[in-house]
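Undergrad: So you can see what is in the structure, the chains are spelled out below.
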Amino acid sequence: MVTSMLNIIRRVCCRQAYHHQLSRLATASTQTRGLMAGPSMRPQEGQGVTPRRAVLYVPGSDERKLAKLSGLTVDCAVMDCEDGVAANRKDVARETIRKTLGSLHLPTVGDLAVRINAVDSGLAEDDLKEVLQAERLPDTLMIPKVESVSHLQWLADKLSAHFGPNPPSSPFKLVIFVESALGLLRLANICEEGQRLSRTTPFFTLEGVVFGSDDFCADIGATRTPEATELLYARQKVVTIAKAYRLQAIDLVHIDYKDLDSLEKQSLEGARMGFTGKQVIHPNQIPIVQKAFSPSPERMEWAKALIEAFEEHQHSGKGAFTFRDSMIDMPLVLQARNILKMADVTKDKPQ
Amino acid sequence: MVTSMLNIIRRVCCRQAYHHQLSRLATASTQTRGLMAGPSMRPQEGQGVTPRRAVLYVPGSDERKLAKLSGLTVDCAVMDCEDGVAANRKDVARETIRKTLGSLHLPTVGDLAVRINAVDSGLAEDDLKEVLQAERLPDTLMIPKVESVSHLQWLADKLSAHFGPNPPSSPFKLVIFVESALGLLRLANICEEGQRLSRTTPFFTLEGVVFGSDDFCADIGATRTPEATELLYARQKVVTIAKAYRLQAIDLVHIDYKDLDSLEKQSLEGARMGFTGKQVIHPNQIPIVQKAFSPSPERMEWAKALIEAFEEHQHSGKGAFTFRDSMIDMPLVLQARNILKMADVTKDKPQ
Amino acid sequence: MVTSMLNIIRRVCCRQAYHHQLSRLATASTQTRGLMAGPSMRPQEGQGVTPRRAVLYVPGSDERKLAKLSGLTVDCAVMDCEDGVAANRKDVARETIRKTLGSLHLPTVGDLAVRINAVDSGLAEDDLKEVLQAERLPDTLMIPKVESVSHLQWLADKLSAHFGPNPPSSPFKLVIFVESALGLLRLANICEEGQRLSRTTPFFTLEGVVFGSDDFCADIGATRTPEATELLYARQKVVTIAKAYRLQAIDLVHIDYKDLDSLEKQSLEGARMGFTGKQVIHPNQIPIVQKAFSPSPERMEWAKALIEAFEEHQHSGKGAFTFRDSMIDMPLVLQARNILKMADVTKDKPQ
Chain A
524 MVTSMLNIIR
534 RVCCRQAYHH
544 QLSRLATAST
554 QTRGLMAGPS
564 MRPQEGQGVT
574 PRRAVLYVPG
584 SDERKLAKLS
594 GLTVDCAVMD
604 CEDGVAANRK
614 DVARETIRKT
624 LGSLHLPTVG
634 DLAVRINAVD
644 SGLAEDDLKE
654 VLQAERLPDT
664 LMIPKVESVS
674 HLQWLADKLS
684 AHFGPNPPSS
694 PFKLVIFVES
704 ALGLLRLANI
714 CEEGQRLSRT
724 TPFFTLEGVV
734 FGSDDFCADI
744 GATRTPEATE
754 LLYARQKVVT
764 IAKAYRLQAI
774 DLVHIDYKDL
784 DSLEKQSLEG
794 ARMGFTGKQV
804 IHPNQIPIVQ
814 KAFSPSPERM
824 EWAKALIEAF
834 EEHQHSGKGA
844 FTFRDSMIDM
854 PLVLQARNIL
864 KMADVTKDKP
874 Q
Chain B
524 MVTSMLNIIR
534 RVCCRQAYHH
544 QLSRLATAST
554 QTRGLMAGPS
564 MRPQEGQGVT
574 PRRAVLYVPG
584 SDERKLAKLS
594 GLTVDCAVMD
604 CEDGVAANRK
614 DVARETIRKT
624 LGSLHLPTVG
634 DLAVRINAVD
644 SGLAEDDLKE
654 VLQAERLPDT
664 LMIPKVESVS
674 HLQWLADKLS
684 AHFGPNPPSS
694 PFKLVIFVES
704 ALGLLRLANI
714 CEEGQRLSRT
724 TPFFTLEGVV
734 FGSDDFCADI
744 GATRTPEATE
754 LLYARQKVVT
764 IAKAYRLQAI
774 DLVHIDYKDL
784 DSLEKQSLEG
794 ARMGFTGKQV
804 IHPNQIPIVQ
814 KAFSPSPERM
824 EWAKALIEAF
834 EEHQHSGKGA
844 FTFRDSMIDM
854 PLVLQARNIL
864 KMADVTKDKP
874 Q
Chain C
524 MVTSMLNIIR
534 RVCCRQAYHH
544 QLSRLATAST
554 QTRGLMAGPS
564 MRPQEGQGVT
574 PRRAVLYVPG
584 SDERKLAKLS
594 GLTVDCAVMD
604 CEDGVAANRK
614 DVARETIRKT
624 LGSLHLPTVG
634 DLAVRINAVD
644 SGLAEDDLKE
654 VLQAERLPDT
664 LMIPKVESVS
674 HLQWLADKLS
684 AHFGPNPPSS
694 PFKLVIFVES
704 ALGLLRLANI
714 CEEGQRLSRT
724 TPFFTLEGVV
734 FGSDDFCADI
744 GATRTPEATE
754 LLYARQKVVT
764 IAKAYRLQAI
774 DLVHIDYKDL
784 DSLEKQSLEG
794 ARMGFTGKQV
804 IHPNQIPIVQ
814 KAFSPSPERM
824 EWAKALIEAF
834 EEHQHSGKGA
844 FTFRDSMIDM
854 PLVLQARNIL
864 KMADVTKDKP
874 Q
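First to last, the sequence lines map onto chains A, B and C.
My numbering puts the first residue of the first sequence at 524, with every later residue one more than the last.
My numbering puts the first residue of the second sequence at 524, with every later residue one more than the last.
My numbering puts the first residue of the third sequence at 524, with every later residue one more than the last.
Chain A on its own, in the form it takes in the complex:
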């Protein structure tokens, strides 16, 4: 079906929209857009990209909780060296993570990540050294509190020093955190540099941006409300920049882990804004979040019917047309395609 859709798209779309589609469907497109200072084309939400609808943190110092991961089905699990670990347990955390990486079998965890401490913390180098000694390396590295392009250069330098002339067969996936006003101000530059290093070094591929809402609130002196109106600018700016660079955008954590109704509401809102996933801190949050960031049956029915109608009208040479009382042209067709693509990527994944 993908091939026949591609043929249709090739015929009907202007070249740019077609390239747009292609790049989203591509497994590992690395061509650039040919624009000044332009982000390179990267696949997004397409095949070859790891879905991260739910991103679950587990404190690296808690052996019991880490062991429980083997019974969990989740898109992304994060062994945490940072905020979830007390300062006097940092050594324990990184050692426990190293051992657990080598011993734990996690067939139902899609993406296994380690979050090291912030580059400015003085702890990051020790974290990284220990993790890189593990028998099995994590799929993804997560860097919190990125506030400068130099943080990404630091990572490239450390990995280069570690691997020497024998880089890993496939680069680490990299996910960075924006958690301060300064980080948000510089996010576009940081993503730009992250993509440049992804192209020019063999060590990592920047795949996503996480919005660390609670650190951000502390930084700007804001107070969280249930509606999160105070974070609207920051959240939508994070989505816009992430998507401009074809990166995943991971939304804020819902810290009241007992209120699942409110979690669902917030998750659906994040998905509507364009976030591709959400941070979770309790296993009970996983299924609600993963469902919210998957297309609903109603949306899939709408998308399929719209694309069918679109194809009919294209064959008969009509452009814009009416569908269920709305005027449809290419942008809505692209939205419908996004929905079906996302459904395809996550169809074998547990919700």
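Some hints here could point you the wrong way.
If several chains are the same, the list does not tell them apart, and a pair holds so long as it fits within one copy or across any two.
Straight-line C-alpha distance at most 27 Å; calculated DSS-like pairs for lysine-lysine [as the list claims (entries may be wrong)]: (1) K652 with K841; (2) K841 with K622; (3) K827 with K781; (4) K841 with K781; (5) K591 with K841; (6) K591 with K870; (7) K841 with K588.
Honestly, the hints are just simulated from the structure, not real lab data.
Remember, predicted model here, so these are calculated numbers, not experimental data.
Given the structure of chain A, go ahead and fit chains B and C onto it with the hints provided.
TA: Chains B and C in isolation, oriented as in the chain A frame:
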């Protein structure tokens, strides 16, 4: 009345506010602000600028719909080569537009525009060539999906190659579209370059920015809701940048063309945000939109009374004063002046 | 208590968070972050910084209102040369301010400021000259309508010319206004330059940014609503940039000075967004605003209990922990600390 108001303003305002007013009233001011990398002063919503409260798209491939334009009264009508035209009808569209431009008499259309395909589409050059052969050229050119300053340079180059040493007697009016995360990220640079080319070439004058919300949503993976909360950041950023460069800002399209109540609500909201107009896709939407983007009788009464009160207080040497329970100073006077100016510009135009 | 808290923080936090705290507690830290183009570390809401929860304007031309200041208790009072003064009373205003500065005893005004006219107005130089002749200089200078880094250089140049080789023993505190689309677009650059000049000249220290909402609305053609949805982008962008540069952020004025319920609601909303204070235009607004920008007893109780729980869990080596049904880690601890700090700074100040 304009002259006496100007005299009053000259006396009462600080020099900057006075220049501010002057530039808005001026027919074709081109002086720069004398600031580093500053946008040049351009008229806005003032005399000499084409109002574009409603911007109506008509598919260029649909001869019957184009012919109907002669019976419509609308601020701006757009003959469309882009999203409203099926891929296998692009040739037909540009030919039909060329012929219609030469033959159709449109006394009740304020501004006649052609939207060519995106510069990256591979179709734009053919569109432009055909349109430039028309017996009567359009007033305005519209360029969709602008994501780079190079798109504007492309247009200047093509027009220069076409016209050679004999540029058109008056430059085309130019309206550009922001329809992607990347376009939004670069919008300030794009407007800056658009203004530079408007000053340094005889081919076009950048007058407005359209927010293409549905393409934008497809690009960032967002889902449209009736309240459009998911687009708040993008819409308000578009308004801010457009106004910083003294450009019109044209708001999103309301695709459910049967729900006129909801259209009115969304139009009024856009006007309150600072948008100067809105895209429409059905003739029934025109009067509602043009009314929403015109000052209401209540607002005009408020503006007139406030300015009268202001003049009295100025003559008696009082600064800030109380008017209907609110403390009034220059900013509110400027707002009142904007309202009367807009009313003046659109007073002979149909709603 | 501060010392013991610092010791605990030193032990438990990663180095960055610790520096973060330190800089906020420091009286006059001037070290830079060591990042490219990075704002320097400055104290924020901490000891040594003047609270400006309410910022009250008094027209400089109104001797009677200026005299009434001696009976008012307010964080910050502004003798205004700008929007509150009629154009034919500018001379009177600056003379009256000079005399009043020398004669008035204001023990219950925390910070005494003068707002001169905008640098582009042609009036600013005369304002400044007159004010600098006063027997007692104001604590703070306020510059409205800043739209360019050159406005700050102008101020440094004028002060340098006035003081020659004998700069004032302590620099003026400087508060700037963002009141236009262009000013908002350039705000980060302006703050950057303000901090650079604060470090490299002995004349002023940039402490805050005021959002001039009504001039901003006039500039972008927006219409104010009670909910101020149309200003969400601008307000949250101002907070984000101000906080990235460790500056105070002063929120919009509530012009309907009789509606105190609505004032309270808007003040609390601004405080939740991260604003540190609000402009007021009537003495009756002061206590409501100062209370809204102070931590509530409930928030202080929450903050104290959370920090106690945090310390216990740190001693026992646990990282993230559950507190009142929420998962707590460092970001929430930092928020709790902010609340207690703010309470400490304002505890001897009148509400």
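Undergrad: Up to 27 Å between alpha-carbons, please classify K591 paired with K841: within, between, both or neither.
TA: between (56 Å within a copy, 18 Å between copies)
Undergrad: When no copy is specified for K841 and K781, does a C-alpha distance of 27 Å or less occur within a copy, between copies, both, or neither?
TA: Between. Shortest inter-copy distance 21 Å satisfies the 27 Å Cα cut-off; intra-copy 52 Å does not.
Undergrad: Within a copy, between copies, both or neither: which one fits K591 and K870 at a CA-CA cutoff of 27 Å?
TA: within (25 Å within a copy, 48 Å between copies)
Undergrad: Is the C-alpha distance from K841 to K622 at most 27 Å within one copy, between copies, in both cases, or in neither?
TA: Between copies, since 20 Å is at most 27 Å while 62 Å is not.
Undergrad: Can you tell me if K652 and K841 fall within 27 Å by alpha carbon in one copy, between copies, both or neither?
TA: between (60 Å within a copy, 23 Å between copies)
Undergrad: Given a CA cutoff of 27 Å, do K827 and K781 count as a within-copy pair, a between-copy pair, both, or neither?
TA: Between copies, since 23 Å is at most 27 Å while 36 Å is not.
Undergrad: If the cutoff is 27 Å on CA atoms, where do K841 and K588 land: within, between, both or neither? Let me know, please.
TA: between (58 Å within a copy, 13 Å between copies)
Violated hints: none; the structure is consistent with every hint.
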